[in-house]
Amino acid sequence: MLALVPAGGAWSADAERGKALYAQCKRCHQVGDGAAHRIGPHLNDVFGRAAGSLEGFRYSPAMKAAGAGGLVWTAAALDGFLSEPRALVPRSRMSYAGMKEATDRADLLAWLRLSSGGGPDRPAAEPTATPEEYGLDPQLLTITGDPDYGAYLAGECTTCHRPDGGEEGIPAITGWPHDDFVIALQAYKRGKRVHPAMQLVARRLSDEEIAALAAHFRRAGDEP
Amino acid sequence: MVPAGEAWASNGVSQAIAAFTGGARTLEAGLRLEVPEIADNGGAVPIRVVAEGARRIALFTDGNPYPRVAAFSFGPLVPPAATIRIRLAKSQNVIAVAEMADGTFRRTSRAVAVTVGGCA
Amino acid sequence: MAKPRPRIRVPKSVEAGAPFKVRTRITHPMHTGLQRDRDGNIVPRQIVNRFRVRYNGEEALSVDLEPAVSADPYIEFEMAVPASGLLEFEWVDDDGSVYSLSRKVAVG
Amino acid sequence: MNQGEGVMSQWKGNNGLSRRQVLATAVAASTALSAPAVLAQGRPRVVVVGGGAGGATAARYIARDSRGAVDVTLVEPTRAYYSCFFSNLYIGGFREYASIGHSYGALAANHGINVVHDWAVSVDRDKRTVGLAGGGSLSYDRLVLSPGIDFKEGSVAGWDLSQQNRMPHAYKAGSQTQLLKAQIEAMPEGGVYCMVAPPNPFRCPPGPYERISMVAHVLKQTNPTAKILIVDPKPKFSKQGLFEEGWQRHYAGMIERIGPDFGGDKVEVRPASMEVVIDGEVNKVDACNVIPAQQAGRIAALAGITNDAGWAPVVAHTMQSRADGNIHVLGDASQQGDMPKSGFSANSQAKVCAMAVRGALTDSKVYPARFSNTCWSLIATDDGVKVGASYEATDEKIAKTDGFISQTGESAEVRKATYEESLGWYSAISDDMFS
Numbered sequence: 001m002l003a004l005v006p007a008g009g010a011w012s013a014d015a016e017r018g019k020a021l022y023a024q025c026k027r028c029h030q031v032g033d034g035a036a037h038r039i040g041p042h043l044n045d046v047f048g049r050a051a052g053s054l055e056g057f058r059y060s061p062a063m064k065a066a067g068a069g070g071l072v073w074t075a076a077a078l079d080g081f082l083s084e085p086r087a088l089v090p091r092s093r094m095s096y097a098g099m100k101e102a103t104d105r106a107d108l109l110a111w112l113r114l115s116s117g118g119g120p121d122r123p124a125a126e127p128t129a130t131p132e133e134y135g136l137d138p139q140l141l142t143i144t145g146d147p148d149y150g151a152y153l154a155g156e157c158t159t160c161h162r163p164d165g166g167e168e169g170i171p172a173i174t175g176w177p178h179d180d181f182v183i184a185l186q187a188y189k190r191g192k193r194v195h196p197a198m199q200l201v202a203r204r205l206s207d208e209e210i211a212a213l214a215a216h217f218r219r220a221g222d223e224p
Numbered sequence: 001m002v003p004a005g006e007a008w009a010s011n012g013v014s015q016a017i018a019a020f021t022g023g024a025r026t027l028e029a030g031l032r033l034e035v036p037e038i039a040d041n042g043g044a045v046p047i048r049v050v051a052e053g054a055r056r057i058a059l060f061t062d063g064n065p066y067p068r069v070a071a072f073s074f075g076p077l078v079p080p081a082a083t084i085r086i087r088l089a090k091s092q093n094v095i096a097v098a099e100m101a102d103g104t105f106r107r108t109s110r111a112v113a114v115t116v117g118g119c120a
Numbered sequence: 001m002a003k004p005r006p007r008i009r010v011p012k013s014v015e016a017g018a019p020f021k022v023r024t025r026i027t028h029p030m031h032t033g034l035q036r037d038r039d040g041n042i043v044p045r046q047i048v049n050r051f052r053v054r055y056n057g058e059e060a061l062s063v064d065l066e067p068a069v070s071a072d073p074y075i076e077f078e079m080a081v082p083a084s085g086l087l088e089f090e091w092v093d094d095d096g097s098v099y100s101l102s103r104k105v106a107v108g
Numbered sequence: 001m002n003q004g005e006g007v008m009s010q011w012k013g014n015n016g017l018s019r020r021q022v023l024a025t026a027v028a029a030s031t032a033l034s035a036p037a038v039l040a041q042g043r044p045r046v047v048v049v050g051g052g053a054g055g056a057t058a059a060r061y062i063a064r065d066s067r068g069a070v071d072v073t074l075v076e077p078t079r080a081y082y083s084c085f086f087s088n089l090y091i092g093g094f095r096e097y098a099s100i101g102h103s104y105g106a107l108a109a110n111h112g113i114n115v116v117h118d119w120a121v122s123v124d125r126d127k128r129t130v131g132l133a134g135g136g137s138l139s140y141d142r143l144v145l146s147p148g149i150d151f152k153e154g155s156v157a158g159w160d161l162s163q164q165n166r167m168p169h170a171y172k173a174g175s176q177t178q179l180l181k182a183q184i185e186a187m188p189e190g191g192v193y194c195m196v197a198p199p200n201p202f203r204c205p206p207g208p209y210e211r212i213s214m215v216a217h218v219l220k221q222t223n224p225t226a227k228i229l230i231v232d233p234k235p236k237f238s239k240q241g242l243f244e245e246g247w248q249r250h251y252a253g254m255i256e257r258i259g260p261d262f263g264g265d266k267v268e269v270r271p272a273s274m275e276v277v278i279d280g281e282v283n284k285v286d287a288c289n290v291i292p293a294q295q296a297g298r299i300a301a302l303a304g305i306t307n308d309a310g311w312a313p314v315v316a317h318t319m320q321s322r323a324d325g326n327i328h329v330l331g332d333a334s335q336q337g338d339m340p341k342s343g344f345s346a347n348s349q350a351k352v353c354a355m356a357v358r359g360a361l362t363d364s365k366v367y368p369a370r371f372s373n374t375c376w377s378l379i380a381t382d383d384g385v386k387v388g389a390s391y392e393a394t395d396e397k398i399a400k401t402d403g404f405i406s407q408t409g410e411s412a413e414v415r416k417a418t419y420e421e422s423l424g425w426y427s428a429i430s431d432d433m434f435s
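Chains as they are written, first to last, in this note's numbering: chain X, 1 to 224; chain F, 1 to 120; chain U, 1 to 108; chain Z, 1 to 435.
Here chain X stands alone, though its shape is the one from the complex:
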């Protein structure tokens, strides 16, 4: 395990830098007081925890299997996972290509260790994507969608998005929390998030249709 610690990293890791790097993780993960599961599970007390073991989060079958197989989030395991998530857990739904620089990972983990642990030093959790971030009307989150209609509409999504999120290049969307799903699609629809194919898809979805898709993909996360 010692060999995995980057040269000089263990003592000189820069938690302040790590906090800035954590901005990449923030869209999916919360950490700190009041942290909840979002697109990804919350990261409180992650060090030493078995992979895929938190109640109430819809892990991919791959992540559950990894945990059952003995994967524990030690610093070394997290370092390996962050460098290339799907090398460690193939078919994980975590759509992140990886953090290449060992010092970046060390800095990030240094900050995560400070923020993730219990006690008075733990900061308050910051929210993931909010409607306000994209200037969206929060009322959009209150629309109830028909998951059956969503299942039909999802045919357009599954041509590109694998249900199990097994490939790089296109993220998994199965099991996303309702609000995150709606915020992402509404942001594309209104041109606040940039991707030509996603903007094209979202432009013709009504608010009700986006809610229906959110309901479907939330439900799909519960299916085996």
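Hints are computed from structural coordinates only; laboratory data are not their basis.
Relax, there's no trap hidden among the hints.
Cross-link-like lysine-lysine pairs, in silico, DSS-like; alpha carbons within 30 Å at most:
1. X:K19 / Z:K416
2. U:K21 / Z:K284
3. Z:K236 / Z:K400
4. Z:K266 / U:K3
5. U:K12 / Z:K284
A partial selection of chain U residues facing chain F, derived with a Cβ cut-off under 8 Å:
6. P19
7. L61
8. E66
9. P67
10. V69
11. A80
Stretch by stretch, here's where chain Z covers chain U in the computed footprint (C-beta under 8 Å, at least three residues):
12. 4-16
13. 24-37
Quick caveat, the model's predicted, so the values are computed rather than measured.
Glycine included, each C-beta is placed from N, C-alpha and C at the ideal position.
On the provided structure of chain X, position chains F, U and Z as indicated by the hints.
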């Protein structure tokens, strides 16, 4: 005649035209320029120019780094008309100036919107 | 640079005095002198700067080309000839090379 | 259904199931417990002909979403499907051949689909049966035809199918693709690769030009003085600006395209002497890829539902044939309006068709049709481009409503991301068809 101090000639197109005409007056008549309104591919925009009775025709643009494009000189066997494919760096005007057999000059211009595209 | 290949298309036989279409193209990158290569270095200007057409030795068309002409310069025109003869085409490169082609045109 | 008893005897067990159906159902029962075991007797029957992006998707969605209430048979002659999409990347050395191959095993195992490896050779629309080359026939309540393309004989002078080993089309992926790759690799130093491109409409509009990019990519590394000649009857082609910009950037001076203005529409090939005659001018070539004019796969014509142009007109809302409401036509074979003939389009149309078929046969909910398409093309390493559009069903046709296309001059990062996205798409659509 090019109005004095005209600002659109940012790439020196008015000077380039003046060099072709020797500063002579240009009439807006007797010259036909066929361009696509929207060019799929700015790298090869087909331009057709027809100027009955012309000896020479020159093509210019006002939005490329250099204003000159091509100058044609016609012998007796070739009627004064030609098609050529040109580069347009962005949406801009294409200008044709013709020297007629009687030594007078004619001029016309057309705007081309440049996009990318042309797919199924 | 790959060796430029000229190509022309003219009817094999025409009617005396009736206009026919002549299409010409030469494969040539037409480096404008403003483009950069992958390493960020300017690619020196190299274009076909002149195109000439003669019929039985008589000048029929001459074109001065600038860098704004597309890669693989394409020029199309019409001509009308009184009698059979030889149509000669010539492209002059910035580096002094001259590429030429000729076609016989039969009248009648 | 009114089958001739003699014909059916070799296919049907005593309860009306074919032997293969019995096998597939047994497999399904043991592995797919979530599918309710509806008795086959009396179940509405759907026969799907063609196991590509249209047919495999339709079969899978009808079987999966009806949860066993519809009896689905998929007729496909080959046991392994090699996708035309990404077959150019195999030619370019970006994919292994095995990586574009897929089996039909999961469709039987996971969804109880009866997969019959045979050729469909006739359709009796009155009796609602499909005849098979092996001698049997299958009855249907709804027939889904997704047979892809066949070539129009005589569209390229001097070429017919008997010449396909000397001058491959490689436009149905499989051994033809392997052959073409081998011929490119065997070209002499400084040799000439020639493509005779097809007239519109044809499968995968950017396909020939992506292939040119891939051939150039290979030759640039192994045979940099080689030349590529495209003989093209069309004045314009898909993503032309993007391809031409890419060719200039990566393969300057290597590729020459002869459009109709220089006689690209007047071509004759001489496979014996490896010559291509363009408007009377003889060109010696070393490898020649002839992609002829196309029409719907033959079974569509045999079913009597094609028009003079050789394609099968369909109703946009349901993909039903305009000639016969019991038949749906998907993908390349259909004439539907604005969608390009692509695997993505066929997959998109299959979902609309599956919903319509399920709605008609099981009284399940039907929603308004909507379609989409995105085509990615690879020009060089990490240089991907794409074009996409949304479509809706009108009474006349599938009509384009919105779209986007990659831009010239995009950054290397954008192009790389586009390529990586195409890998994700390939993985997802493969699952959407076969898992």
